[in-house]
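Number of protein chains: 2
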Amino acid sequence: MKKEKLLMTPGPTMVPPAVLMAGGEPMIHHRTPEYSQLFRELNKNLKTIFQTQNPVLTFPAAGTGGLEAAVVNFFSPGDRVLCTSIGVFGDRVATIAKAFGLNVEKLTVPLGEAVDPRIIEEKLKEQNYKGVFVTHNETSTGAYNDIEAIGKITKNKDILLIVDAVSSLGGLDLKTDEWGVDVVITASQKALMAPPGLTFLSVSNKGWEAAQNSTSPKFYWDVIKARKAMEKPSPQNPYTPAVSLLRSVNKALELIIEEGLQEVFHRHSQLAKATRAAVEALGLKLFAAPQARSNVITSIKMPEGIDGEKVKKQMAEKYGVITAGGQEDLKGKILRIGHMGYVHEGDIIQTIAALEKALIDVGYPIEKAVGIKAALEVFN
Amino acid sequence: MKKEKLLMTPGPTMVPPAVLMAGGEPMIHHRTPEYSQLFRELNKNLKTIFQTQNPVLTFPAAGTGGLEAAVVNFFSPGDRVLCTSIGVFGDRVATIAKAFGLNVEKLTVPLGEAVDPRIIEEKLKEQNYKGVFVTHNETSTGAYNDIEAIGKITKNKDILLIVDAVSSLGGLDLKTDEWGVDVVITASQKALMAPPGLTFLSVSNKGWEAAQNSTSPKFYWDVIKARKAMEKPSPQNPYTPAVSLLRSVNKALELIIEEGLQEVFHRHSQLAKATRAAVEALGLKLFAAPQARSNVITSIKMPEGIDGEKVKKQMAEKYGVITAGGQEDLKGKILRIGHMGYVHEGDIIQTIAALEKALIDVGYPIEKAVGIKAALEVFN
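Those protein sequences? They're chains P and F, same order as listed.
Each residue of the first sequence is one higher than the last, beginning at 1 in full-length UniProt numbering.
Each residue of the second sequence is one higher than the last, beginning at 1 in full-length UniProt numbering.
Hints were generated in silico from the structure; no laboratory data involved.
Predicted, not measured: the structure shown is a model, and the values here were computed from it.
Errors might be hidden in some of the hints.
Same chains, same label: a pair holds when it works inside one copy or across any pair of copies.
Below, simulated EDC-like cross-link-like pairs (lysine to aspartate or glutamate); rule was C-alpha separation at most 16 angstroms, straight line [unchecked claim]:
id, residue 1, residue 2
1, K318, D361
2, K3, E34
3, K313, E34
4, K5, E34
5, K318, E34
Next up, chain P with everything else stripped away, as it sits in the complex (with noise of 0.2 angstroms):
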């Protein structure tokens, strides 16, 4: 009999029985009181989650699909936005942005380190867009980026903020509407530790109104449609929800609530403390920026010589602990922890006895448990 491997990637993240077996329930029909007593719950976790009192809409789909329905629902051909991109996610934003039409201005930060939302604020001087793209956690550097800072900045002005927080929400901190983001984009099996199949998206009334006037072809993605079955007396989808799924994030947003909120975001950077301490104390170099650092996923410098994808499968294929590489130009330079969702202490220690020995295994020399105890002195 094999133990079950731990999965300590940046999604989908482990997924806590209660929210497994959830799913598992049997089948109930979309239009019926059943299942709008379902949606409406969900609605209102997802607010709580969202932090904000904007409706919260829900499409089966990656988050991918998410971030199309973010751009083609409040923005028109040939409308200009300023897509940053500080990774993998934020190019792709800037993909989709351009093939439905967009005139995208890109702005690029090298690898590991945040937007400065300095440069943000100057770039909205020079000229008029009508919408500004940020991710939030950006899983293929572990960098971060400071949403509140660039909220302040987009608040006032006739922009949009749209925020990319697939892998942040529900593990970092995200004041919808304090900061005055006026989309989230998040997907289900992140933080939000329920399997991979559902999007959600949150909406300002500034979104509102830019998808009043889009012009941009849609029909799946519509949100003003999808707002008008959820704001029905019983809440409904203009198409088939994906049920079981919905019961299972309903599940996980409850475990979520009962931890609370704030007890989440510090349980994640406690973790990530954890795991950074153990890092350096094994003498191996953070790759993101100090100031970017991500509380729900820590990327990790190989060492010259080291290659990240052996370490990776070795970690994988004799410790059970899954994690991920470097993606494009990153691939075997670094190695990636997920932190995110349904971890705890000893996931993490389980990891870095798993890191020492894989290290070990590939010939770099260190000293076995001293990550492990730096890791533990931050626990304690």
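Starting from the known structure of chain P, arrange chain F on it as the hints suggest.
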């Protein structure tokens, strides 16, 4: 303790316990050998069920997303297409095609009827179309189209035959390759008896050629990108796949293949015959035209003065059997009993019993067990 309600709707349909449980297994990451193995099996099983050698693509989305994918991948704005409509879902495809700027000619037939293939043949002589959209099974009316006959007309022409098989595939025979269907779209929650949230498209060589030339804006639904990822040595998806739903569908397909496709079609035919026999024995009329009656759903005309919504409500709330009412213009006028997927003789008997009791409750005089007797005679 209450018994679970019987889900006799045209989707989501009842999910076999083994399929629910497959979706509840611990999460795995989608860039692992375990996932590639699952995806490889799924792709193989999908080909069997689709009766095709063509690649079958999987997207996390409702079936409507699959319809949108068919519009944006194989056509360009301005392309002339013939959208046949025999009900709500045919209308929907036409609306999607218009939303993406296609030049839509709509061919509508009276509700309850199928499209006469000869009319399609004539239309194609009058005009050059790039594609014909046909609904295989129209759940809103209980009628189905003769895809084989339509395929004979389009097969050797420079035109794509696109079939919405969302509610039929796995219940009605659809010989994709033999009948020359270029694109078949289906979804997980109908005859495939899995939870909703996945849509699937098979694409012929003619379809792939058209995809190369399509200029419609697209990103999430891009079939070329999906195919490339799928045909890697370790099959993948461009974006995070809905792992738990994939597992459920794969399990469901295994069950269908184990029973045998022909046996599954025969079972559906028997379920339909029994339901129709019961309905007629009760003195009620079937809504769909005799030649167009589908084997996956039976639509029943409500007698003068009987409100279908009341019958539906009574069956659901008092007798625990969930059916569907009429949509749009047919609201209150028909009752629809889905018998697709995980449905067997006992479910039909239970449904007819509930129908009989509900009819009596709402004041329609019938003799008890007359419908059940007629149904049993079909099964014997």
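So, going through the hints one by one against the coordinates:
In this assembly of identical chains, K318 and D361 lie within 16 angstroms of each other by CA distance solely inside one copy; the values are 10 angstroms within and 66 angstroms between copies. In this assembly of identical chains, K3 and E34 lie within 16 angstroms of each other by CA distance solely across copies; the values are 15 angstroms between and 37 angstroms within a copy. Only between protomers do K313 and E34 lie at most 16 angstroms apart by alpha-carbon distance; the minimum there is 13 angstroms, versus 45 angstroms within a single protomer. Within a single copy, K5 and E34 get their C-alpha atoms only as close as 36 angstroms, which misses the 16 angstroms cut-off; across copies the closest is 11 angstroms, which meets it.
Proximity of K318 to E34 under the C-alpha cut-off of 16 angstroms is restricted to the inter-copy arrangement: shortest distance 15 angstroms between copies versus 46 angstroms within a copy.
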